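Make the complex out of the two chains shown on their own, each in a separate frame, by following the hints.
Those protein sequences? They're chains C and R, same order as listed.
Just so you know, we're using the working numbering here: the first sequence kicks off at 701 and counts up by one.
Just so you know, we're using the working numbering here: the second sequence kicks off at 689 and counts up by one.
The set of hints was computed from the structure by calculation and includes no laboratory data.
From a predicted model like this one, the values you see are computed outputs, not experimental measurements.
Cβ atoms here follow ideal geometry from the backbone N, Cα and C, with glycine treated the same way.
All clues given are correct.
Computed spacing ranges between beta-carbons, pair by pair:
| no. | chain 1 | residue 1 | chain 2 | residue 2 | range |
| --- | --- | --- | --- | --- | --- |
| 1 | R | Ala838 | C | Ala1035 | 54 to 64 Å |
| 2 | C | Ala729 | R | Lys880 | 26 to 36 Å |
| 3 | C | Ser881 | R | Ile858 | 55 to 65 Å |
Stretches of chain R that chain C covers, calculated by requiring three or more beta carbons in the stretch to come under 8 Å of a beta carbon on chain C:
| no. | stretch |
| --- | --- |
| 4 | 741-754 |
| 5 | 764-770 |
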Amino acid sequence: MSGDSLRIGFIPLADAAALIIAADKGFAAKAGLSLDLVREVSWSNVRDKLNIGLFDAAHLLAPVAIASSLGIGHLKMPLLVPFVLGANGNAITVSPALHSALILAADGGDVSDPKISARALARVVGERRRRGADPLTFGMTFPFSCHNYLLRFWMAAGGVDPDEDIRLVVLPPPYMVDSLSSRQVDGFCVGAPWNSVAVDLGIGQVLHFGTDIFAKAPEKVLAVRAAWSANRDDVVRRLVGALHNAADFINDPDNLDEVVALLAAPQRIGVAPEIIARTFEGRLRVAPGNSFRSDPDYILIGRKGAARPELADAAWLYAQMVRWDQAPLSAELLAAAKACFRPDLYDLALGSAAKSSAVPANDIGAFTGPRFDGDDVAGYLAALKMPVKNQ
Amino acid sequence: MPKIASGGLRTLSPMDPALNIVIVDENPVRAAILADGLREAGYTRVTRIEETTNLLARIYSLDPDVIVIDLENPSRDVLAQMFQVSRAVKRPIAMFVDQSDAAAIEAAVDAGVSAYIVDGLKKERIKGILDLCISRFNAFARLSSELERAQTALSERKVIDRAKGILMKIKNVSEADAYALLRKTAMNENKKIAEVAQSVVTAAELLK
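Just chain R, with the same shape it has in the complex (with noise of 0.2 Å):
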């Protein structure tokens, strides 16, 4: 493993796991992903940064050789200001992709992602980071789509079985019926059964 030095140009692997990687992201679950991953990965120095007070303090105690921050984080300005030459910079700090690479920037950007890394590490040998960054995003953001899709599911057959049981005593019908009333009202009405179920439980309230 070769050593790393305090400055100057780095002589890393493609795949060094020495590496120090610095995740900055408020979503727990999304942080973990992120890190499981980059750990699955063989990057064993990953630390997530959750509190963005002092953040600039905070990474410059890490002294990380990748930042990624996600995008929803209002102190991703607070990382331009690494890329300033000044006394109160230690490292520079550069844009992970260059003018070279406007579809790498593309694709983080779409997916929610940044990453920066310190001056003298060439970007080919993070490559890696950068996808697998942009990967887990991407999936974390299917995932959390799919958990939404099935919690309004859930709450959708449930509106619907109260609807149902009210139908049921109101109207003294079975459960098919009611169902069926239920779905022939929503397409006459060009409405989805969970509207009109809703409909129905909102007017029982009303009524009792």
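Excised from the complex, chain C in its bound form (with noise of 0.2 Å):
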């Protein structure tokens, strides 16, 4: 069988890298597959225009092909991720007046740390409730999203309660700088290129990379509908074959120039290939000036295992929407969002070239709080709820 054509949504971000180079490097050409990439402006879009069959094959929110498939925050629409594309790649930004009060408030601790940082931002937020000032407004990129979890977790570890004492607003990633320089938010969470875009501007500075909250958090998906992957077991497993060696041809340092350039055109990500580069070397300017911090792990495309959809990693997404009472907790659900994730097909496409997690795959590595167990979420989530320590 050869020659299948697949319309696949995406939405123009560094961490649909793996899919462009599949269908611009001759990757999917090789495994019989012709790839129609379709950019897309918003998730709800992708969402919609895959759940009811537009698409074959989307680049999705990790979170929201969960959610499609547990019924929540819209239609159910059962899917399965047989690849995650991409995991990390975000980082916490906040205005220059934010980012002095935070300092402030850390009393001479390194606000780099974000046990630090969240403690700080608890103090702020006293303060600001005591001299009745506005709540601090913070924008992430969608409900369902690694962003708006990351944000929550960190808030939470400074005993800051996201819902009551921050306003947390879903704002387009292209509006997320104009927001900051007119001051309609304090801070942001989002991925490349927004955050130094912002810095470059001057009206923002660096605070976290996401790998300061997570080492490793599953990020955007592959996903398809449970139903169309049923009697095409072998597309399914061409198209995982197809990213995986997009991914390791992304990964060879050689290739850097050649894959920045495919990502750049204007009709797939459409962004200077220089913003393209940093992202994948993880180097990002912090802070005005010649401020630079580098971490390997700030976006991994098929690196460390992360391409594998780990059923730990649903059980962990699943928590998230239980901790801020997006779903109900219960073994059901919990049972759907793990059957989205679908490492046997990964298995299955790659055979002995499958990457296990190089980190252990039951652990998210959050900066604190208690290890997550995917059998035991109720437990998670009780251990998470015990007061802060040191505050």
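Shown next as structure tokens:
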């Protein structure tokens, strides 16, 4: 079987790289697939068009794939994830004013430590409440997103209630920077290139890389409808194979220039090649001037086992939904969330080339809080409710 | 006319003119076409939001029963927040269509529009609104492509006229002969007449 044509929706972001390279560097063609990549402007559009069958597959926020499978926030449509397109890739940027306030509140502590910055945030929140100021406002990209969970996890670790003490608003990434400069938000959590853009304009400072909060969190996935994939085992297998080969190509430093040039094309990601290159190198300007920070894990496209859809990751995402009142806690919903992630399809497609997780699969590597156990979500959530220590 | 309560289940007739409808569309022409259509159908409370800054706050201040948004709008994701149970959200919003309406979603997405309603409002009561949105969006798309075709035709005619003029001058032939020459060349080269005419115009510019 060859020459299968797949219509795939994507949002122009760095973690669509494996899809774009698979399509534009011939990895899909070698697998007998022709990928028609359709650029979209909102996650709602990608989800709806996948759900109603206008797309065969989609680049999707990992939590959206699970929410769709559980029927929360929108129509119920069981989706399957045979490949994780990217882990991490986000950062928290704050206004210079909030950055100063945090440093002041940290009382000599180092705010690059999220435990210290979170407690400093709690003090800033308390101080604002005492003088009757409006609550701080933070932007994130979608209710079902790691951006949302990352901000909430960090805030809660400092004793801040993200629903009570903070205004969390959804903002399309292209509007984040404007909203920060017009002071409609005091900070945001978003992926590349928007953190860098805010820093370059002198209106924001990167407070944390996403990896400061979670060492390895599933960010974007390749999702297909369960019903669609049922009689297309072979197509899914070949697509996973093509994405795996594309990710390997992306991760070879010798290919960086070519990869970046392909991704920067106007009909693909359409931003300056340097910005994409900086993202893949994990090197971001964090403050005005020549202040750079590097983290090789800043974004993971297939590296360190990031492409394998781990059941524990699905359970962890579901746990975040329960923690923040997006979903009730039940054994059925947990099972449905896990059923969405399909490491078996990934392993089947790649055989001995399958890469299992380099960090323990059952741990997201959070900077604080209880260790996550995918088999005991209730216990994990109960442990999270413990009073914050060292306040 | 039934009174609109500030919450709870509403008892509105299928075409209740009191329904408060908000249109979020950055395309002023399409928004106007849609607003006109809704007013013609008897809906008197139709507001268009042009600026998407602070969209949620604007929507809450208008307190709509129905929100219509175009799919080219990145701010569609902002509306996803209205589904959330949160203190920031005053009135929960539901998707216009539910599980049983795959065909309605498909038609809407196809037309490039999406609609949301406040929770508690029965969807069949405002089915007419979605149908109207779909037909107006489709009409706008047709209008746009017709306009584009008309503009293309106009610019093609202009370039053909210029090429004819150049040929008439250089080759000292009549307008009909100049056109015949363009047409013959187009046929031989398997191109459109306008393309050959454009080449003539370009060549003439270069040789000036």
